[in-house]
Amino acid sequence: MTTPASQFSDQANLVSRDLRHRRLIQTALGKYEIVRDQRKAAFQDWSAARQAAAETKYDAINHLDKYLEEFVSKIEARGTKVHWAGNAATAREIITGILQSRNARSVIKSKTMTAEEIHLTEALESAGVRVVESDLGEFIVQLRREAPYHLVFPAMHLTRGEISDLFTRELHSAATDSPEELTMIARRELRKQYLAADAGITGANFAIAETGMIAITENEGNARLTAAMPKLMISLVGIEKILPRLEDLALFLPMLATTGAGQALTGYNSLYGGPRQPGESDGPEEFHVVLLDNRRTELLADAEQRDALHCIRCGACLNVCPVFRNVGGHTYGTTYSGPIGSVITPHLRGLQDWKHLSSASTLCGACTEACPVKIDLHHHLLQNRRNAAHQKPRRLERLGWKIFGAIVNHPWLYALARFFALVTQPLHALFAGSRLDPARGWTQSRDLPPVPRQSFKNWWRHRE
Amino acid sequence: MSDREKILGRIREALAVPAPRPGHAPETSARLASEARRWLPAVGESFEEQIALFRANAADLKADFQLLTSQIELAPRLRQLAQAEGWKRVASHRGELTQLGCDALNLPVLFTDQAYDPLALETCDVGITECDALIAQTGSVLVTGRSAGGRAASVLPPHHVVLARRDQLLPDLPAAFDLVKRKYSPGYPSFISLITGPSRTGDIERILVLGAHGPKKLTVFCF
Chain X
3 MTTPASQFSD QANLVSRDLR HRRLIQTALG KYEIVRDQRK AAFQDWSAAR QAAAETKYDA
63 INHLDKYLEE FVSKIEARGT KVHWAGNAAT AREIITGILQ SRNARSVIKS KTMTAEEIHL
123 TEALESAGVR VVESDLGEFI VQLRREAPYH LVFPAMHLTR GEISDLFTRE LHSAATDSPE
183 ELTMIARREL RKQYLAADAG ITGANFAIAE TGMIAITENE GNARLTAAMP KLMISLVGIE
243 KILPRLEDLA LFLPMLATTG AGQALTGYNS LYGGPRQPGE SDGPEEFHVV LLDNRRTELL
303 ADAEQRDALH CIRCGACLNV CPVFRNVGGH TYGTTYSGPI GSVITPHLRG LQDWKHLSSA
363 STLCGACTEA CPVKIDLHHH LLQNRRNAAH QKPRRLERLG WKIFGAIVNH PWLYALARFF
423 ALVTQPLHAL FAGSRLDPAR GWTQSRDLPP VPRQSFKNWW RHRE
Chain C
47 MSDREKILGR IREALAVPAP RPGHAPETSA RLASEARRWL PAVGESFEEQ IALFRANAAD
107 LKADFQLLTS QIELAPRLRQ LAQAEGWKRV ASHRGELTQL GCDALNLPVL FTDQAYDPLA
167 LETCDVGITE CDALIAQTGS VLVTGRSAGG RAASVLPPHH VVLARRDQLL PDLPAAFDLV
227 KRKYSPGYPS FISLITGPSR TGDIERILVL GAHGPKKLTV FCF
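Those protein sequences? They're chains X and C, same order as listed.
Residue numbers for the first sequence follow the working numbering, beginning at 3 and rising by one.
Residue numbers for the second sequence follow the working numbering, beginning at 47 and rising by one.
By construction, these hints were calculated from the structure, which means they are not laboratory data.
Be aware that a few hints might be false.
[Unchecked claim] DSS-like cross-link-like pairs, simulated, lysine-lysine; straight-line CA separation at most 25 angstroms:
1) K194(X) - K134(C)
2) K459(X) - K404(X)
3) K229(C) - K76(X)
4) K83(X) - K68(X)
5) K194(X) - K263(C)
6) K76(X) - K52(C)
7) K262(C) - K134(C)
8) K83(X) - K52(C)
9) K83(X) - K227(C)
10) K68(X) - K227(C)
11) K194(X) - K262(C)
12) K233(X) - K83(X)
13) K108(C) - K33(X)
Using the sequences and the hints given, assemble the complete structure.
Below, the structure written as C-alpha cells:
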C-alpha cells in the first residue's frame with residue numbers, strides 16, 4: 003500500500019540518485035545564493051531587519067481577529083465583497099458559485115499557492131470552467147499536468163529542452179533552445195487569454211489591515227494583467243497574510259525579494275483595494291476576496307509553533323535545505339515543500355500521516371537561519387516528532403529501549419549479550435545488507451562495526 | 047453560525063494562550079517596521095546622490111533612465127524613440143507632463159483615463175504615463191490608477207515610458223508609502239504599484255528574460 007511516507011521514501015531514493023536533477027538544482031540555487039548574499043549585504047542591518055519583521059508578524063498573528071476585522075471593514079468600504087471560508091471545500095464552492103452565477107466560463111489565474119492548497123483548478127474544471135495559469139513557470143507545469151516544484155520557482159526542475167518539447171507537443175510551436183524564444187511563445191499564447199477571460203483569479207502575498215488592500219508581488223506582470231483586464235476579479239487569501247500597517251511593506255517587500263529570489267525589489271509590487279472606483283477607467287467591475295482558514299486556526303492554537311504562521315512563502319528555507327536539495331520538491335507530495343512544508347503540513351493534513359516529513363531532516367538549522375521572519379523551523383520539526391510519538395507511542399521502539407536499558411544496567415546481562423553478539427556476528431555477515439537482514443536499513447549502505455574480542459573492562463584489568 | 051463567526055471564534059480561542067516572542071525579545075524592545083529606514087540599504091541625502099543611485103539601479107534593472115536638463119529636451123528624445131521603434135499608436139492619459147509627450151509625437155493617442163477599448167490598447171506600441179514618485183533606493187516607479195491612466199496603460203503595451211519631474215524623486219521605500227498615505231488617505235485609488243524595471247522572468251533555468259507578460263522596455267524621463 004502506498005502511504006505518504008512510503009511514497010516519500012521511494013521518490014527520495016529515485017531523485018537523490020538522479021544526476022540530471024542534481025545539476026539543475028545546483029545551477030539554479032548556486033546562482034540564487036550569490037545574488038541573495040549580495041542583497042543581504044546591501045542592508046545596513048539585516049539582523050535588525052529580521053527581528054523587526056518577526057515582531058511585526060508576531061503582532062499581526064497574535065492580534066489576528068482584530069486585524070482581520072479591520073481589513074474586512076476597510077476593503078468592503080470600497081465595494082469589495084469579502085467571503086469567509088472555514089475549509090477548502092467551502093472556498094471551492096464560494097469561488098465556483100461566484101463564477102457560475104456570472105456565467106463565467108474562462109478564468110485567467112496568476113500564481114497562488116493557496117489555490118494549489120485547495121485544489122481550485124481541478125474543482126473549476128470539473129464545473130466546466132476553463133482555467134489558464136499565467137505565470138510562466140505555472141503555465142509550464144500546468145501543461146505538464148503536474149504540481150509546482152517549488153513555492154517560488156515552479157518549473158525549476160525542467161531544462162529548456164524539456165520545455166521546448168512540451169511547447170512543441172502542446173502548443174505546436176517550433177523547437178528552440180532559447181529561453182527568450184520560449185518565453186515569447188508563452189507570452190503570445192497568454193496575451194489572448196487576458197483579453198478573453200471572463201474572470202481573473204489571484205492570490206495575495208500580504209493583506210494590509212490599516213488600509214484594506216491586498217498586496218501581490220510578481221516579476222512578470224501576469225498578476226497585474228489578471229487584475230486589470232477581466233470584468234470579475236477573485237482573490238484567495240489565507241488569513242495569516244495579514245500585516246498591520248501600510249508602511250510595514252517598506253520592510254517586507256525588500257526582504258521578500260532578497261530571500262525569495264535575490265532581488266532588491268521584485269518587478270511589480272501592487273496593491274488592490276477594491277473594484278473599479280467611481281472616476282476610474284479600468285479594472286474589474288466586481289472584486290471578491292475569499293479569506294481561507296483551512297486549519298490555520300489549528301496551527302494558531304499551538305502556541306509553541308504559532309510562529310509558523312509568520313511565513314511569507316519566500317522559499318528561502320527550501321533553497322538552503324540539504325534534504326530539499328537532494329530529494330526535490332515533488333517528493334514531499336505536499337503543497338508546501340521543504341522545511342516550512344514539513345512543519346505545517348502535519349497541522350494542515352494530519353500529524354500521523356505526515357510526521358515522516360519531520361524526520362527527513364538533518365536538524366542542521368540552515369532553514370531557521372535563512373528565514374526572514376525568524377520561524378524556529380528546526381525546533382518545530384523536533385516538536386512534531388515529539389508530538390507524534392506522544393500521540394501514538396511506537397511500542398516496538400519503546401520495548402527496544404527498555405531491553406537496552408536492562409542490558410546496560412546489569413553487568414551479567416551485558417556480558418551475555420556481548421557473547422551472543424560475538425558468536426552471531428559471523429553468521430550475520432553471510433546475509434548482511436540482503437533482503438533477509440532485519441538490520442537492512444543500516445547495513446545496505448554501511449558496515450556494522452565488529453564486536454571486539456575483548457571487553458574494555460577485561461582489557462583494563464589485564465593491561466601492562 | 048456563519049463561517050466568519052466560526053473562524054473569528056476559533057482565532058480568539060487559540061489566542062487565549064500567549065505565544066513566545068520572536069528571538070526571545072522582551073516586550074519592551076518591540077521594533078517597528080516603520081523604523082525600516084535604519085536597516086534598509088543606505089541612501090544618500092543630497093539630490094545628486096539620490097539621482098545617481100536611481101541611475102545605477104535602473105541600469106541594473108535594464109531600464110533606460112534619462113535625466114533631461116529641461117523639458118524642452120523631451121520632445122526630440124521621444125521622437126527619436128518613436129522613430130527607432132516605429133510607434134504608430136500611443137496610449138496615454140490626460141496630464142501636464144503627458145500633454146507635453148503627446149504633443150511632441152503627433153501620433154494617434156488612446157486615452158485610458160476614460161472608458162476605453164482594451165483591444166485598442168493591445169494594439170498600442172507604447173504607454174506614456176506620469177507617476178507619483180521615483181524611488182532612488184530601488185530604482186522603482188510608484189504609480190496608481192489615478193496618476194498613471196488606470197491599471198493597464200503601464201503594463202499592456204510593450205514599452206512603458208514614464209514622465210517624471212525632478213521633485214518627484216524620493217529617497218526610499220518608507221518615503222514612498224508615506225507619500226501614498228499623505229496624498230490619498232482615506233480615498234485610496236483601487237490600484238497602487240511599485241514598478242521596478244521592465245517585466246521579467248527567470249522561470250526557465252533561472253535565466254533572465256525581459257518582457258514576460260508586461261512591457262519589454264521601461265524608459266524613465268526625468269526633468
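query = Checked against the structure, which of the hints given earlier come out wrong?
reply = Going through the list in order, the structure violates no hint and respects every one.
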